[in-house]
Amino acid sequence: MNGSGMISRVAESIYWMSRYVERAENIARFIDVNQYLNLDLPMEDQMQWRPMVEVTGDVALFERTYGEANMANVIRFLAFDQEYANSIYSCLKMARENARTVREAISSEMWTQVNKFYQMVRQASETETVYESPHEFLDEVKQWSHLITGVTEVTMSHNEGWHFSRMGRLLERADKTSRILDVKYFMLLPSADYVGMPYDNIQWAAVLKSASALEMYRKTYRRLSPQRIAEFLIFDRQFPRAIRYCLANAEESMRMVTSSQPGVFLNEAEKALSRLRAEIDYTDIGEVTMAGMHQFLDNFQARLNAVGEAIFETYFALRPLRPAAINRRGS
Amino acid sequence: MDFSKYQTEGFYDELFHADGRPRQTAKLLIDRLNSLPEGEIMRRQKSAEVALYQMGITFNVYGGDSGEEKIFPFDIIPRIISAADWAPIEAGLKQRIQALNLFIDDIFHDGKIIKDKVIPAELIQSGASFRPECVGLNPPRGVWCHITGTDLIRDKDGRFYVLEDNLRCPSGVSYVMENREVLKNTFPKVFGPSQVRPVEDYPNNLLHTLERLAPDAVESPNVVVLTPGVYNSAYFEHSFLARNMGVDLVEGRDLVVQDGFVYARTTRGYKTVDVIYRRIDDDFLDPLAFRPDSMLGVPGLMEVYRNGRVALANAPGTGVADDKAVYAYAPQIIKYYLGEDAILPNVPTYVCWDEKERDHVLANLESLVVKSVNESGGYGMLIGPHSTAAERASFAEKIKAAPRNFIGQPTISLSRAPVIVDDRFEGRHVDLRPYILYGEDIRVLPGGLTRVALKKGSLVVNSSQGGGSKDTWVVEG
Numbered sequence: 001m002n003g004s005g006m007i008s009r010v011a012e013s014i015y016w017m018s019r020y021v022e023r024a025e026n027i028a029r030f031i032d033v034n035q036y037l038n039l040d041l042p043m044e045d046q047m048q049w050r051p052m053v054e055v056t057g058d059v060a061l062f063e064r065t066y067g068e069a070n071m072a073n074v075i076r077f078l079a080f081d082q083e084y085a086n087s088i089y090s091c092l093k094m095a096r097e098n099a100r101t102v103r104e105a106i107s108s109e110m111w112t113q114v115n116k117f118y119q120m121v122r123q124a125s126e127t128e129t130v131y132e133s134p135h136e137f138l139d140e141v142k143q144w145s146h147l148i149t150g151v152t153e154v155t156m157s158h159n160e161g162w163h164f165s166r167m168g169r170l171l172e173r174a175d176k177t178s179r180i181l182d183v184k185y186f187m188l189l190p191s192a193d194y195v196g197m198p199y200d201n202i203q204w205a206a207v208l209k210s211a212s213a214l215e216m217y218r219k220t221y222r223r224l225s226p227q228r229i230a231e232f233l234i235f236d237r238q239f240p241r242a243i244r245y246c247l248a249n250a251e252e253s254m255r256m257v258t259s260s261q262p263g264v265f266l267n268e269a270e271k272a273l274s275r276l277r278a279e280i281d282y283t284d285i286g287e288v289t290m291a292g293m294h295q296f297l298d299n300f301q302a303r304l305n306a307v308g309e310a311i312f313e314t315y316f317a318l319r320p321l322r323p324a325a326i327n328r329r330g331s
Numbered sequence: 001m002d003f004s005k006y007q008t009e010g011f012y013d014e015l016f017h018a019d020g021r022p023r024q025t026a027k028l029l030i031d032r033l034n035s036l037p038e039g040e041i042m043r044r045q046k047s048a049e050v051a052l053y054q055m056g057i058t059f060n061v062y063g064g065d066s067g068e069e070k071i072f073p074f075d076i077i078p079r080i081i082s083a084a085d086w087a088p089i090e091a092g093l094k095q096r097i098q099a100l101n102l103f104i105d106d107i108f109h110d111g112k113i114i115k116d117k118v119i120p121a122e123l124i125q126s127g128a129s130f131r132p133e134c135v136g137l138n139p140p141r142g143v144w145c146h147i148t149g150t151d152l153i154r155d156k157d158g159r160f161y162v163l164e165d166n167l168r169c170p171s172g173v174s175y176v177m178e179n180r181e182v183l184k185n186t187f188p189k190v191f192g193p194s195q196v197r198p199v200e201d202y203p204n205n206l207l208h209t210l211e212r213l214a215p216d217a218v219e220s221p222n223v224v225v226l227t228p229g230v231y232n233s234a235y236f237e238h239s240f241l242a243r244n245m246g247v248d249l250v251e252g253r254d255l256v257v258q259d260g261f262v263y264a265r266t267t268r269g270y271k272t273v274d275v276i277y278r279r280i281d282d283d284f285l286d287p288l289a290f291r292p293d294s295m296l297g298v299p300g301l302m303e304v305y306r307n308g309r310v311a312l313a314n315a316p317g318t319g320v321a322d323d324k325a326v327y328a329y330a331p332q333i334i335k336y337y338l339g340e341d342a343i344l345p346n347v348p349t350y351v352c353w354d355e356k357e358r359d360h361v362l363a364n365l366e367s368l369v370v371k372s373v374n375e376s377g378g379y380g381m382l383i384g385p386h387s388t389a390a391e392r393a394s395f396a397e398k399i400k401a402a403p404r405n406f407i408g409q410p411t412i413s414l415s416r417a418p419v420i421v422d423d424r425f426e427g428r429h430v431d432l433r434p435y436i437l438y439g440e441d442i443r444v445l446p447g448g449l450t451r452v453a454l455k456k457g458s459l460v461v462n463s464s465q466g467g468g469s470k471d472t473w474v475v476e477g
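Protein chains in written order, with the working numbering: chain A, 1 to 331; chain B, 1 to 477.
Calculated directly from the structure, the hints in this document are not laboratory data.
On a predicted model such as this, the values are computed, not experimentally measured, just so you know.
Keep in mind that a hint or two might mislead.
Claimed, not checked - Dumping the calculated DSS-like pairs for lysine-lysine here, alpha-carbon to alpha-carbon at most 25 Å:
hint: 1; chain 1: A; residue 1: K116; chain 2: B; residue 2: K46
hint: 2; chain 1: A; residue 1: K93; chain 2: B; residue 2: K70
hint: 3; chain 1: A; residue 1: K116; chain 2: B; residue 2: K184
hint: 4; chain 1: B; residue 1: K335; chain 2: B; residue 2: K115
hint: 5; chain 1: B; residue 1: K70; chain 2: B; residue 2: K184
hint: 6; chain 1: A; residue 1: K116; chain 2: B; residue 2: K70
hint: 7; chain 1: B; residue 1: K189; chain 2: B; residue 2: K27
hint: 8; chain 1: A; residue 1: K209; chain 2: A; residue 2: K142
Stated by the list, open to error - Not the full set, but computed from the structure, chain B residues with beta-carbon under 7 Å of chain A:
hint: 9; residue: A242
hint: 10; residue: R243
hint: 11; residue: D248
hint: 12; residue: L249
hint: 13; residue: V250
hint: 14; residue: D254
hint: 15; residue: A264
hint: 16; residue: R265
hint: 17; residue: V347
Heads up, the beta-carbon is just placed ideally off N, CA and C, and yes, glycines get one too.
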């Protein structure tokens, strides 16, 4: 990549702006898949909203504020809770705050769309019907996120800032795809008998749908099979929400930032990301199943967090200056 | 909605003669407005507001945590200035800035103007914005005030007066450009034939002005805009200017001083910074040189500046000429350095620091405007004719306690321009802030920011006090 680097704080804000937009989209996908799953279950098994809260890891916070895990409460919590840092509302607020601090570095169109997206969510939070039939709203969230990704693609120079935006988006997506797979496991826990039943297929189809992956999956494998579905969502090279695709492309962007060659790492962030990508490259679904899906996903998420930390340390953290680190002009 | 019932009510109106005929330069616009179908003007006003909102030309509403933002109120009816009226403004501002720059340089070097008893030493040294730390500084090419936004007003007689010299960090120029962009879409049919002088090259000229300040050895200088951060009310502008110049917008925490240079922390390590357009006041610029509690600045920056390894715009210290008591001496300052009479007059000003003038102010509080010498934004002011006896008594006490801090001026009946109020046009008071760049030569942006007091009868145009803005057209004729 040409150029002499960008202000670290600006790079960080662009990275987080994209992460938060992607996060909002994925929360919408979460809620949506759960709603689908519930609709298809026998009456007595419906109302499975508690796993949605469990998978966030914020059960205590939820119970303190809401008590019962019913649909309206969970939507209020995951979509609109201003106190909860990972609600759609909070994500958009953060995305917008970040965009606002880097308006000179992104395109005006991007800022405008992020701002509009935020206003849309804010207004939706004030309508009552959204708690009963959230589908339309959730769909809109997904579309806005796609719009922003597209606007970023076509209005911003594919410069360093753009690569940080792409890195943020793809790492967030990799994490969330792994969690969507995980939701299915949480859902299964109370009724393991469903395995192999029609419900099971319906559930798997819903998982694919929530990752907008059903059609693309069918083109690759046609028949629904749990193993194939997991394989598709983890290992596919071409599907843009598959974990491997996300990692490979995030890695590419990181290399563009550092100007390093494949097979070489110049800093901790490259080392962590390339190693994780390589591991996914050289693993197959059989090994995953053997080790246990949840185990695998859990471990993956922890490793991905470590990549995030390494990115922070390498590119964003403001450390005291050491003379050796100074790049004189012309170097 | 048309101008058939519009009244100038005895004020100088920017678009109309006293008898209700539109001025020559405004005729095209007024005819067009009068011919628009019912409701169309309101529709265009609304769509301009939406455009501004979506461009994010907003300021934070303090004290609320809902993240809500408001747009700076904007009225789509432009204020039109004829080229004939503009010529003396442009010449007068160039003259004034040249003289004030010589004055600042003199004050921090030999102080000839003091030795020659044109202005008293005590008045200079007692000013709150006088920075003794700047004595002996030599800014690149001898220019201190690179960017100025001078406030002008027009009185009943149609003459322009200088009300205030903003030589520190004047803001508002981004609104000039955004307002223009919106208005071109609002009245394309009037805009084209009116031959409005363009304002769009301002960022380019600003960048040129800044690059010229870089140390001589630097071939392609690294220019940055330094902002206090996203919570500053002018943040939008800082971001706007950085974006339109294609340079980095930085906060104090992005910069660090080491080995005699200023560096920016980047994703590829530390990068030398050559020129800083700082939108932080002197006080907060460098905790080692000025206020030690500043969290916004860069420790050690002034030392690097003193050694000529980084340039600052505006130079620290310009505030000395941005003191309303010093302002009163502007005509003498112009005469002293340039041997010329001021082209643009001052508003007559009584400096309370002087005993005789103070007595005059105290005796005439009812008719005067009293201002604190260092406040801006319409704060710390008494408008005599609109004040109560209690307010006057309290101001009299303040003046007696700290006379150096106050000046008095006759209440000027600011000119007016029509604004949209519900479903009709009404006159509101306006001022004018042109922007001046001092680089190789001195350039004045044609027009500038017209601020309008949206409250009926109000003379305070500041955005913090319910003011709005208008696009300002300089047209031939």
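So, going through the hints one by one against the coordinates:
At most 25 Å may separate the alpha-carbon atoms for a hinted pair to count; K116 (chain A) and K46 (chain B) meet this at roughly 17 Å. Restraint check: the Cα-Cα separation between K93 (chain A) and K70 (chain B) comes to about 16 Å, which is no more than 25 Å; the hinted pair holds. With a CA separation close to 23 Å, the supplied pair K116 (chain A) and K184 (chain B) stays within the 25 Å bound. Restraint check for K335 (chain B) and K115 (chain B): the C-alpha separation of about 16 Å stays at or below 25 Å, so the hint holds.
A distance of roughly 22 Å separates the Cα atoms of K70 (chain B) and K184 (chain B); the hinted pair therefore holds under the 25 Å criterion. Restraint check for K116 (chain A) and K70 (chain B): satisfied, since their Cα atoms lie roughly 14 Å apart, inside the 25 Å limit. Proposed proximity of K189 (chain B) and K27 (chain B) is supported: the alpha carbons are some 13 Å apart, at most 25 Å. For a cut-off of 25 Å, the pair hint linking K209 (chain A) to K142 (chain A) stands: about 13 Å separates their Cα positions.
Hint status for A242 (chain B) relative to chain A: holds, with the closest Cβ pair at about 4 Å, below 7 Å. A hinted interface residue such as R243 (chain B) counts as satisfied when its beta carbon comes closer than 7 Å to some beta carbon of chain A; here the least separation is about 4 Å, so the hint holds. Look at D248 (chain B): its Cβ gets to within about 5 Å of chain A, closer than 7 Å, so that hint holds up. With a least beta-carbon distance of about 5 Å to chain A, the hint placing L249 (chain B) at the interface is held under the 7 Å criterion.
With a least beta-carbon distance of about 6 Å to chain A, the hint placing V250 (chain B) at the interface is held under the 7 Å criterion. A cut of 7 Å between beta carbons decides the hint on D254 (chain B): the least distance to chain A is about 5 Å, and the hint holds. Given the 7 Å rule on beta carbons, the hint for A264 (chain B) holds: about 6 Å separates it from the nearest Cβ of chain A. Because the smallest distance between the Cβ of R265 (chain B) and any Cβ of chain A comes to about 5 Å, under 7 Å, the interface hint for this residue holds.
This hint is violated: V347 (chain B) has a C-beta 37 Å from the nearest C-beta of chain A, more than the 7 Å allowed.
Taken one by one, the earlier hints fail for this structure only at number 17.
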